[in-house]
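Visitor: Each chain, letter by letter, is given below.
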Amino acid sequence: AQSVSQHNHHVILSEAASLELGCNYSYGGTVNLFWYVQYPGQHLQLLLKYFSGDPLVKGIKGFEAEFIKSKFSFNLRKPSVQWSDTAEYFCAVTPRSGGYQKVTFGTGTKLQVIP
Amino acid sequence: EPEVTQTPSHQVTQMGQEVILRCVPISNHLYFYWYRQILGQKVEFLVSFYNNEISEKSEIFDDQFSVERPDGSNFTLKIRSTKLEDSAMYFCASSEDSLSGELFFGEGSRLTVL
Numbered sequence: 228a229q230s231v232s233q234h235n236h237h238v239i240l241s242e243a244a245s246l247e248l249g250c251n252y253s254y255g256g257t258v259n260l261f262w263y264v265q266y267p268g269q270h271l272q273l274l275l276k277y278f279s280g281d282p283l284v285k286g287i288k289g290f291e292a293e294f295i296k297s298k299f300s301f302n303l304r305k306p307s308v309q310w311s312d313t314a315e316y317f318c319a320v321t322p323r324s325g326g327y328q329k330v331t332f333g334t335g336t337k338l339q340v341i342p
Numbered sequence: 229e230p231e232v233t234q235t236p237s238h239q240v241t242q243m244g245q246e247v248i249l250r251c252v253p254i255s256n257h258l259y260f261y262w263y264r265q266i267l268g269q270k271v272e273f274l275v276s277f278y279n280n281e282i283s284e285k286s287e288i289f290d291d292q293f294s295v296e297r298p299d300g301s302n303f304t305l306k307i308r309s310t311k312l313e314d315s316a317m318y319f320c321a322s323s324e325d326s327l328s329g330e331l332f333f334g335e336g337s338r339l340t341v342l
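Protein sequences appear in the order of chains A and B.
The working numbering applies: residue 228 is where the first sequence begins, and numbers increase by one.
The working numbering applies: residue 229 is where the second sequence begins, and numbers increase by one.
A few of these clues could be false.
Unchecked claim - The calculated lysine to any residue pairs, modelled on SDA-like cross-linking and capped at a C-alpha distance of 25 Å, are: (1) LYS329(A) / VAL240(B); (2) LYS329(A) / GLU296(B); (3) LYS285(B) / HIS270(A).
Hints are computed from structural coordinates only; laboratory data are not their basis.
Note that the structure is predicted; figures quoted are calculated from it, not measured.
Okay, chain A solo, but in the shape it has when bound:
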């Protein structure tokens, strides 16, 4: 079974600071990788995803993530955060093995951006 670990539970940054949230997964085969975001009081939304190809993927709102296969990592980055990025961020993985795919989430990282 696959698993996902997120290293930072709570991150506090000032506006304009750079962001990197760590994500590592464990699975013996090929995976699809995702970052979801949950803004306060709102539902989970897809931020970006990686299926194949260029390991550097760009998502909405200036976020990007890099898949490093050798490290089983998929870290989320943003060069300059804004107050509106305050949210909880979830890394997720699903095996790419055909048929039904169950998405497994990490524990989440709460990001607080201070104006």
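Mind docking chain B on chain A? Use the hints.
Guide: Okay, now just chain B, sitting in the frame of chain A:
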């Protein structure tokens, strides 16, 4: 933009009571899911549903839980005899196909069991 809708947004119930949480997935989606998030914990998979039957369920999804697609649009989660530890945010999700893994989530139903 099509979206997954869930009702109720918040339900308070007494321990031992039955609760039904309702979801309307995106209309052309074929796969349906329930996840839950206990306060302060991660989002946990409960069950997936395809072609009118359960595809997979987690250890959490015991006999107390059931899912149903009673008509062409609704997808329900029933908790037969609620326990205090069932208090959580329950998220419904749907996906168009099984290969992409991209889930579209509803806003969640907060269940509080007293």
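Visitor: Against each hint, give a clear statement of whether it holds in the structure.
Guide: Hint check:
| no. | hint | result |
| --- | --- | --- |
| 1 | LYS329(A) / VAL240(B) | violated (29 Å) |
| 2 | LYS329(A) / GLU296(B) | holds (19 Å) |
| 3 | LYS285(B) / HIS270(A) | holds (22 Å) |
Hint violations for this structure: number 1 only, all remaining hints satisfied.
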